[in-house]
Amino acid sequence: KIITECYTIMANASILPSIGTVSVHALKKGNKSKRLDKKEYISIPAAFLAFLVGLIDGDGYIKVTKTTKGYISINLVISIHLDDISTLEYIQSVLKLGKITVYRDLKSPCCKLIINRTDLQEVIFPLLLHHRIFFLTDTRRAQYDLVMYILKNEIKFYSLIPKKEDIPSTLELPKKSIDFVKLAFFKNWIVGFTMSEGSFFVKLNNDGCFQLKQRVHDILFEAFKLVFETKRKITSEKDKYSQFSVSSKTDIQRVINFFSFSGYHPLIGLKGIQYLKWLTLLRNSSRYANLNFPK
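The opening residue of the sequence shown carries number 1 in the UniProt record's numbering; numbering runs sequentially from there.
Among the hints, erroneous ones may be present.
[What the hints assert, rightly or not] Quick list of simulated restraints, FRET-style, between CB atoms:
1. D105 x K231: 45 to 51 angstroms
2. D179 x R283: 15 to 21 angstroms
3. L36 x A142: 40 to 46 angstroms
[As the list claims (entries may be wrong)] Straight-line alpha carbon distances no greater than 20 angstroms define the calculated EDC-like cross-link-like pairs of lysine to aspartate or glutamate that follow:
4. K164 x D179
5. K249 x E229
6. K66 x D37
7. K238 x D251
8. K182 x E154
9. K240 x D218
10. K240 x D166
11. K96 x D37
12. K69 x E154
13. K99 x D83
14. K66 x D179
15. K163 x D179
16. K99 x D84
17. K187 x D166
18. K112 x E154
19. K164 x E154
20. K175 x E154
21. K107 x D84
22. K182 x E165
23. K175 x D207
24. K187 x E237
25. K182 x D83
26. K233 x E222
27. K231 x D218
28. K182 x E172
29. K277 x D251
30. K175 x D218
31. K176 x D105
32. K63 x D138
33. K277 x E154
34. K203 x D218
35. K225 x D179
36. K213 x D138
37. K63 x D179
38. K156 x E172
39. K182 x D218
40. K99 x D37
Think of the hints as simulated: they come from the structure by calculation, not from any bench. Just so it is clear, CB atoms sit at the ideal spot from N, CA and C, and this is done for glycine as well.
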């Protein structure tokens, strides 16, 4: 039995190697009965993982804090409005990881999916490396680089974490917008990013509009123009936010083609509902009567 268990551990490690050393005590904590075997994790579609990373680039963060004893605590957190809890339940159902916590008493009630350090070391980060999927926004990349440095160098105490400028980058971001488009995971990433930073709405003049907005990422937002084949300029707000926005009939058809006919991971939860309502409004508008809508 012992030999069999050792063989299983070694086989799993070769399938999906853990990042850094995983504490034996950490493996004993919590309920691991729901977690999949590493072989099963490999079968999770890359489209889902790209969608997940896009969502985290918008509504998530990788949290590094100091415990009361000075050690390092690491968690990945996705935080969204409580009304959209079904999105977190869907993610949890696929990953079989994480804990959903509800905060009803806040001014804006929210819910969070929290994935602990051990699951990041054993499953999430190894999966991203396996599929060559990575974060595309500066803030999330910096958080990821920090955590990977801590794990790989087995830093235990918070006081020993180097300064931000001394943390090496794990991967270089593309330097041209076309290189973002060439990333195999980019379009499914856009779907996840839309879940967080996208909007589908109709203006007062009855123009349909699709919009993506986040803090300034010039090259990334220029890549959106290439994906949706538009020449609309990227606008910015006081050099703090970039905004991609389209509303012409030709552009709106391309948006519909992307989200309804291209086979990428679907929009889910409240954003999926918003998209379907938007399609209904467009169908009922004479301006968009000739567009090709999903049945």
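Status of each hint after checking the structure:
{"no.": "1", "hint": "D105 x K231: 45 to 51 angstroms", "result": "47 angstroms, holds"}
{"no.": "2", "hint": "D179 x R283: 15 to 21 angstroms", "result": "37 angstroms, violated"}
{"no.": "3", "hint": "L36 x A142: 40 to 46 angstroms", "result": "30 angstroms, violated"}
{"no.": "4", "hint": "K164 x D179", "result": "27 angstroms, violated"}
{"no.": "5", "hint": "K249 x E229", "result": "13 angstroms, holds"}
{"no.": "6", "hint": "K66 x D37", "result": "31 angstroms, violated"}
{"no.": "7", "hint": "K238 x D251", "result": "26 angstroms, violated"}
{"no.": "8", "hint": "K182 x E154", "result": "34 angstroms, violated"}
{"no.": "9", "hint": "K240 x D218", "result": "11 angstroms, holds"}
{"no.": "10", "hint": "K240 x D166", "result": "25 angstroms, violated"}
{"no.": "11", "hint": "K96 x D37", "result": "10 angstroms, holds"}
{"no.": "12", "hint": "K69 x E154", "result": "17 angstroms, holds"}
{"no.": "13", "hint": "K99 x D83", "result": "17 angstroms, holds"}
{"no.": "14", "hint": "K66 x D179", "result": "38 angstroms, violated"}
{"no.": "15", "hint": "K163 x D179", "result": "30 angstroms, violated"}
{"no.": "16", "hint": "K99 x D84", "result": "16 angstroms, holds"}
{"no.": "17", "hint": "K187 x D166", "result": "32 angstroms, violated"}
{"no.": "18", "hint": "K112 x E154", "result": "27 angstroms, violated"}
{"no.": "19", "hint": "K164 x E154", "result": "17 angstroms, holds"}
{"no.": "20", "hint": "K175 x E154", "result": "31 angstroms, violated"}
{"no.": "21", "hint": "K107 x D84", "result": "16 angstroms, holds"}
{"no.": "22", "hint": "K182 x E165", "result": "29 angstroms, violated"}
{"no.": "23", "hint": "K175 x D207", "result": "34 angstroms, violated"}
{"no.": "24", "hint": "K187 x E237", "result": "25 angstroms, violated"}
{"no.": "25", "hint": "K182 x D83", "result": "35 angstroms, violated"}
{"no.": "26", "hint": "K233 x E222", "result": "9 angstroms, holds"}
{"no.": "27", "hint": "K231 x D218", "result": "15 angstroms, holds"}
{"no.": "28", "hint": "K182 x E172", "result": "14 angstroms, holds"}
{"no.": "29", "hint": "K277 x D251", "result": "18 angstroms, holds"}
{"no.": "30", "hint": "K175 x D218", "result": "10 angstroms, holds"}
{"no.": "31", "hint": "K176 x D105", "result": "44 angstroms, violated"}
{"no.": "32", "hint": "K63 x D138", "result": "15 angstroms, holds"}
{"no.": "33", "hint": "K277 x E154", "result": "49 angstroms, violated"}
{"no.": "34", "hint": "K203 x D218", "result": "26 angstroms, violated"}
{"no.": "35", "hint": "K225 x D179", "result": "13 angstroms, holds"}
{"no.": "36", "hint": "K213 x D138", "result": "15 angstroms, holds"}
{"no.": "37", "hint": "K63 x D179", "result": "29 angstroms, violated"}
{"no.": "38", "hint": "K156 x E172", "result": "27 angstroms, violated"}
{"no.": "39", "hint": "K182 x D218", "result": "17 angstroms, holds"}
{"no.": "40", "hint": "K99 x D37", "result": "18 angstroms, holds"}
In terms of the numbered hints stated before, the structure departs from hints 2, 3, 4, 6, 7, 8, 10, 14, 15, 17, 18, 20, 22, 23, 24, 25, 31, 33, 34, 37 and 38, listed from lowest to highest.
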